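S.K.: Line order of the protein sequences matches chains A and B. Letter by letter, the first sequence follows residues 1 to 283 in the working numbering. Letter by letter, the second sequence follows residues 1001 to 1190 in the working numbering.
These aren't lab readings, by the way, just hints derived from the structure by calculation. For clarity, every value in this text was computed on a predicted model and none was experimentally measured. Treat the hints loosely; a few may be bogus.
Unchecked claim - In silico lysine to any residue, SDA-like type, Cα no more than 20 Å apart, as pairs:
(1) B:K1138 with A:T118
(2) A:K200 with A:S157
(3) B:K1043 with A:N121
(4) B:K1043 with A:D115
(5) A:K120 with B:A1146
(6) A:K120 with B:E1046
(7) A:K63 with B:A1146
(8) B:K1043 with A:T118
(9) A:K111 with B:E1148
(10) A:K120 with B:K1043
(11) A:K120 with B:R1087
(12) A:K63 with B:E1148
Claimed, not checked - Footprint (simulated), chain A over chain B, 3 or more residues, beta carbon under 8 Å:
(13) 1072-1081
(14) 1119-1130
(15) 1146-1160
Heads up, the beta-carbon is just placed ideally off N, CA and C, and yes, glycines get one too.
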Amino acid sequence: MESLREIETSRITDAVRDLFIQASNNLGEDVLEALKSALTREESRRARAAVVEMIENITLARKELIPICQDTGLAVLFIELGQDVHVIGGSFTDAVQEGVRRAYDEGYLRKSLCDPLTRKNTGDNTPAVIHTEIVPGDRIRIRALPKGGGSENMSVSRMLVPSAGLEGIKNLVTETVRQAGPNACPPVIVGVGIGGTLEKSAILAKRALARPLDPDFQTDENLRELERELLDRINDLGIGPQGYGGRVTALAVHVEVTACHISSLPVTVNLQCHAARHREAVL
Amino acid sequence: MKNNRNIVMRTPTSEESRKRLRVGDRVLLTGTVITGRDVAHRKLCEAIAEGRKLPFALEDAVIFYAAPTPTPPGRVIGSIGPTTSGRMDRYTPTLIEKGLRVMIGKGRRSGEVREAMARHNAVYLGAPGGVAALLALKVSSARVIAYEEDGPEAIMELKVIELPLLVINDCKGGDLYETVEGGPFVEKFS
Chain A
1 MESLREIETS
11 RITDAVRDLF
21 IQASNNLGED
31 VLEALKSALT
41 REESRRARAA
51 VVEMIENITL
61 ARKELIPICQ
71 DTGLAVLFIE
81 LGQDVHVIGG
91 SFTDAVQEGV
101 RRAYDEGYLR
111 KSLCDPLTRK
121 NTGDNTPAVI
131 HTEIVPGDRI
141 RIRALPKGGG
151 SENMSVSRML
161 VPSAGLEGIK
171 NLVTETVRQA
181 GPNACPPVIV
191 GVGIGGTLEK
201 SAILAKRALA
211 RPLDPDFQTD
221 ENLRELEREL
231 LDRINDLGIG
241 PQGYGGRVTA
251 LAVHVEVTAC
261 HISSLPVTVN
271 LQCHAARHRE
281 AVL
Chain B
1001 MKNNRNIVMR
1011 TPTSEESRKR
1021 LRVGDRVLLT
1031 GTVITGRDVA
1041 HRKLCEAIAE
1051 GRKLPFALED
1061 AVIFYAAPTP
1071 TPPGRVIGSI
1081 GPTTSGRMDR
1091 YTPTLIEKGL
1101 RVMIGKGRRS
1111 GEVREAMARH
1121 NAVYLGAPGG
1131 VAALLALKVS
1141 SARVIAYEED
1151 GPEAIMELKV
1161 IELPLLVIND
1171 CKGGDLYETV
1181 EGGPFVEKFS
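Isolated chain A, as found in the complex (with noise of 0.2 Å):
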């Protein structure tokens, strides 16, 4: 038998704790980039005012170590674990659900998670959705997304029919970003899962808001033809930063694509608002 790297479950919980908490008080560099080009393309005083508050939110909030926004989110993970690591110390899922109980304590994260019918908040922001992939090698790779609800309950997921076609899907996409409208906090980033099943599509967009903005991630060539086209009509819109009117209502938009069954063509779109929070450690 090949060995197994063993890795304690304090480490991880270690691990999660510290990225929610990065992820909440400095946002990613690719995010301020792009809304510092952002910046170069709007005209109104309105529009630019909008971004201008937007980076120096995240200028200030990186400076103090406190939340570029109130709405800390809901904890998503995505999580790759290698299967030649042998977690030791208890349970593996325990484990990251208290690094997310910390992050919210230790942090002064707001606690965001309640019951869906009694609504009472369950008190620590758990439990968090955890996606997990068992993947070859000795190391466990964790992505953070604290996600926001305005953007998220502007998201949709729809079972199209496949004659519905790519346009259908482009005009689900852009319908659904104009819907949102100034609700989403644009502007957005736009996550699309395509194929799969119902579920796997609602997960694939989830992880495409994972990705960094970077046009360049995107290695097949008809998908990024995709993504710029769908960018270029969402931002044809005008809704804006702030939806107070502008150029830029979407600073990326992120296709993943999966086999569907032969009579189905799942669509889901999950909206980012302009505060796109994502962490990754690896161990």
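Chain B: place on chain A using the hints.
M.R.: Chain B alone, transformed into the frame defined by chain A:
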């Protein structure tokens, strides 16, 4: 942008000052605002329906749809910013009938809310979303006044200094978002 005026307002706001506001005006609001969102709105309307006393006076009140992050040591308040106002639409006409006159949030309001605003000379002001570290600097004091059991959804009384806002819906039925979405704005810039 013919309406780009800067207007300084204090709470309680007078009917006259609200009637002068037009869609697109920038407002710097100073004074007392009350935070409340989903659960607080449900509870306030239940109290009204059952004839119970409310935890604050609705007469000429300003409600900010917001729930801040916990206050770190040495600070007045955590990060604070608007949540999506539309979720409060179901409760809002009742609160306007009872005296609510200024709402602060983000996103579109329903026809019913806009009609109630026009009837009572109430206004809806937009606060910038997702810039909650900056907005926290505008708060000089904060205290929980009701529903502490609801954690972040508790009702708070805030003192704010020059909170930067934008008129989304004025007393005349105007709507900022309708002036920018789709139509005229796109033609102008593309």
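S.K.: Are the hints correct? Go through all of them and say.
M.R.: Against the structure, the hints:
Our distance criterion of 20 Å between C-alpha atoms is broken by K1138 of chain B and T118 of chain A, whose separation comes to about 34 Å. At roughly 10 Å between alpha-carbon atoms, K200 of chain A and S157 of chain A fall within 20 Å of each other, so this suggested pair holds. Among the hinted pairs, K1043 of chain B with N121 of chain A is consistent with the structure: their alpha-carbon atoms are about 15 Å apart, no more than 20 Å. A hinted pair counts as satisfied when its Cα atoms are at most 20 Å apart, and K1043 of chain B with D115 of chain A qualifies at roughly 17 Å.
Taken as a hint, the K120 of chain A and A1146 of chain B pair is honoured in the structure, with Cα atoms around 16 Å apart against an allowance of 20 Å. A C-alpha spacing of about 17 Å is found between K120 of chain A and E1046 of chain B, which places the hinted pair at or below 20 Å, so the restraint holds. The straight-line distance between the Cα atoms of K63 of chain A and A1146 of chain B is roughly 33 Å, outside the 20 Å bound, and the hint therefore fails. Under the criterion of a C-alpha separation no larger than 20 Å, the hint pairing K1043 of chain B with T118 of chain A is consistent with the structure, at around 13 Å.
Of the pairs offered as hints, the one joining K111 of chain A and E1148 of chain B holds, with about 14 Å between alpha carbons and a cut-off of 20 Å not exceeded. Restraint check for K120 of chain A and K1043 of chain B: the C-alpha separation of about 13 Å stays at or below 20 Å, so the hint holds. Distance check on the hinted pair: K120 of chain A and R1087 of chain B sit about 17 Å apart at the alpha-carbon level, within 20 Å; holds. With a C-alpha separation of about 30 Å, the suggested pairing of K63 of chain A with E1148 of chain B is violated against the 20 Å cut-off.
By the rule of at least three residues with a Cβ nearer than 8 Å to a Cβ of chain A, the coverage given for the stretch 1072-1081 of chain B holds, with 6 such residues. Only when three residues or more bring their CB closer than 8 Å to a CB of chain A does the claim for the stretch 1119-1130 of chain B stand; here the count is 4, and the claim holds. Residues of the stretch 1146-1160 of chain B lying with their CB closer than 8 Å to a CB of chain A number 4, which satisfies the three-residue condition for coverage.
The structure fails to meet hints 1, 7 and 12 from the earlier list, while all remaining hints are met.
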